Amino acid sequence: MTLREKVRTELSGSAIPFIAFGIALNLTVGQITIALKIPLYLDSIGTILVAVLVGPYAGIITGSFANLMAAAFGNPTMMFFIPVVIVIGAFTGFLANIGWFKRWYLCVLGGILQGILAAIVSAPISSYLFGGTMMAGTDALVYFFRAMGNNILTSVFYQGLTSDPVDKTVSYLIVFFLVKNLPLRLVSKFKGASNVVS
Amino acid sequence: MRLAIPDKLSFVLLAWTCAFLLPWQFNIPFIVLLVLLAFTFNPFKPVTASARTYFSRFTIYAILLVFVLVGVNGLLLREGPVRFRFIVLDFYDAGLTYGLTVSVRLILLSLSVLVFFASTHFQDFAKYLQSLGLPRSFVSIILLSMFFLEQLPHRITQVFTAQEARGAPVRAGIVARSRAFFLILSPLVLSSIVESVERGVALELRGYHLLRTNKDIRQDQPTSRVWRFAFLTLSSIIIILSVIHWLSN
Amino acid sequence: MALELAISEFSFQYWKDSPRALTNVSLTIAPGSVCALLGPTNSGKTTLLHAITGILGSHHRDAIASGQIRVGDDAFTPLPDRVLFPTVGLTLQDPYYQISGLCDTVVEEISLTLETLDIHGSDIPSRVMALLDKLGLSHLAHRKPSTLSGGELQRVALANILVAQPPILLLDEPSNSLDGTSLRRFASIVCGLKGSTTMVVADYQLELAILTADQFVIMDGGKIIFSGDRVQFIGNLSRFRALLPVGLLEQTLRSIPDSTLRKRIMMTIGIR
Ligand SMILES: Nc1ncnc2c1ncn2[C@@H]1O[C@H](COP(=O)(O)OP(=O)(O)OP(=O)(O)O)[C@@H](O)[C@H]1O
Ligand SMILES: [Mg+2]
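Residue numbers (my numbering), protein chains in the order written: chain A, 4 to 201; chain B, 757 to 1005; chain C, 14 to 285.
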């Protein structure tokens, strides 16, 4: 199958409105985490949900469009992290395709791997473009690692390792239980139904 | 005077070229120019009320960014002479320069993107992409997500109040709050998935074919290509000069 | 041009272990007439309509189906596996979802249907406006679709489909969001389409059916338990007391004290 055909099969049926929902969810989930004072971003939940229920290409589209729209609606720096969300969409879709979203412990393992991968991809961006300063509480950790004698890239990567695996594991588990609670009749409407039910 | 989307995009490209290739001293005037344009020059003025608020938020962000980046790196990057001393803190030259370089580059990169999107309706941008050959389903995704974006915050508030009324521990410990997060997300996702499925069916029932491209979308007015030509030429000149400069070192 | 719709011995199961949603459904609807498909919830009305449109066949590839569905001269055994729009048009049970969410005005929303069918031309705006006029929607032409009320949405959803002039039109519970006045207006729209369009109106209420239908079909548990014309239907009404809100209709009619007025009303809605 050519790439175009693969994308076409993923984008049929309910996928289009669902991807749109995933994008909107990525962009609004912060509203809930802030209101509940949850110390995680969880802003890939929409991408992960779509990647699991539809597939990797749909996940890539969800993530990159969400960041593009975040940039368009007042957060231009989100634009630079599009490579990271592409990796998240692709890797999650891959894990779902090999059945890792059927068991909660595989989700934990997958979340940790995903977190490490995200830390690897985002470190060069955060260090080169942002000098390791994201203007967030986590910057303190970056400065700590730097004061210990590491260079910026390494420090940013270490900091990513302390937060990304937690964030992604929690996101993976949330998506796992969300999907598990969905009626079979709904799940069966999606291309990735076989990713989550046997 | 009008600038079409491709003109503005070439301007962003010019800004990015400068951001990556020119030293920070050159880029500060560019940033000032961008700010001036956004406030005085029609094609770059924000098109919606919310777009105007992006600028005040970004200004605060940018100012803090410069202070933190310059300050922290001045302290941590201990190379070259000490530029100045603040009580017991020594600020080193190399760190200060690095902080300035990074913050000016980042501000120019982001500000140009911000100005572009603030001065362009996102729908127009989507239609422009479509006229370049982006499949129509992608454009539909963009338009539909704007539809969901309008509805979701409202629905979140609704579910939130409903859960609070049922006694979801919104003001309790972290475990209870995580549970509350799930209790809010779950009905939201369920109803939105139902809605996605129904909307998908409805679109199909109207003969909506997927991944077809519409290249024949008319641009509203043919505009002159002078501007994009100028911006692109300028970018190329900067790139060539930088390469020459780099080779001669 | 209206087409004949014929369904013969059609059975359908969503998947292997689920109960049959439809069992041996046979039904022929003459070109240009209106068939009321009545039945309580879960009786299989939506399933049957979705089967005719092709959406069921294209979405549920591992469903179990048998029989035949014939649309005009095209016979599908057992059911169409692609969406037959614009030959067959369907308005959904919930009109809110039939608004695409892609458009800023009602006119654009309706034109979107033509656009997806690759129908272009300078007469499109006037064609859309004429249709809006016919449906009594002209005043909404430039409103944002997501801000409309239920009854308005119902008619815009109908316009979305009608603009393509489908020879077969299926309406899934159109009276859900209609009150007395708008119901009668909707009924007159349906009657106005008779002759040029073959229509199926699925409903669990009787009003719209009585006001519009030539043929009455009652379903229960996925089976057709009655099929007949208006006279036969009215004559047998009391049999379906348990399935349909029959009492309500009788009550309304009987509560009219003036016997001449009662007769006149019964005449206008076609009960002799
Ligand atoms: N997607 C589906 N997957 C599995 N079973 C389904 C599905 N949709 C409907 N059913 C089942 O098929 C049967 C018929 O349902 P259908 O929706 O056609 O009834 P209906 O007459 O339209 O009811 P209502 O008046 O509530 O709309 C029901 O038992 C229902 O549970
Ligand atoms: Mg139904």
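To be clear, the hints were calculated from the coordinates, so they are not data collected in a lab.
As the structure is a computational prediction, the values presented were derived from the model and not from experiment.
Cβ coordinates follow ideal geometry from the N, Cα and C atoms, glycine included.
The reader is advised that the hints may include incorrect statements.
[What the hints assert, rightly or not] With a straight-line Cα cutoff of 20 Å, these simulated EDC-like cross-link-like pairs (lysine to aspartate or glutamate) come out:
#, chain 1, residue 1, chain 2, residue 2
1, A, K194, A, E8
2, B, K883, C, E128
3, C, K157, C, E220
4, B, K883, C, D131
5, B, K883, C, D146
6, A, K183, B, E951
7, A, K194, C, D94
8, C, K207, C, D117
9, A, K194, B, E906
10, A, K194, C, D75
11, C, K157, B, E920
12, A, K194, B, E954
13, C, K236, C, D86
14, A, K40, B, E920
15, A, K9, A, D142
16, B, K883, C, D117
17, C, K29, C, D75
18, C, K157, B, D880
19, C, K207, C, E220
20, C, K157, C, D146
21, C, K207, C, D227
[Unchecked claim] Chain A regions said to be covered by chain B (calculated; three or more residues, Cβ under 8 Å):
#, segment
22, 74-85
23, 96-105
24, 119-125
25, 129-143
26, 146-158
[Stated by the list, open to error] Cβ-to-Cβ under 10 Å is the rule here; a few derived chain A residues that face chain C:
#, residue
27, R11
28, S17
29, P20
30, A23
31, S166
32, R188
33, S191
- Message: When the structure is checked against the list of hints, which entries are broken? Sort them ascending.
- Response: Checked against the structure, the hints that fail are numbers 3, 5, 8, 9, 11, 13, 15, 23, 24, 27, 31, while the rest are satisfied.
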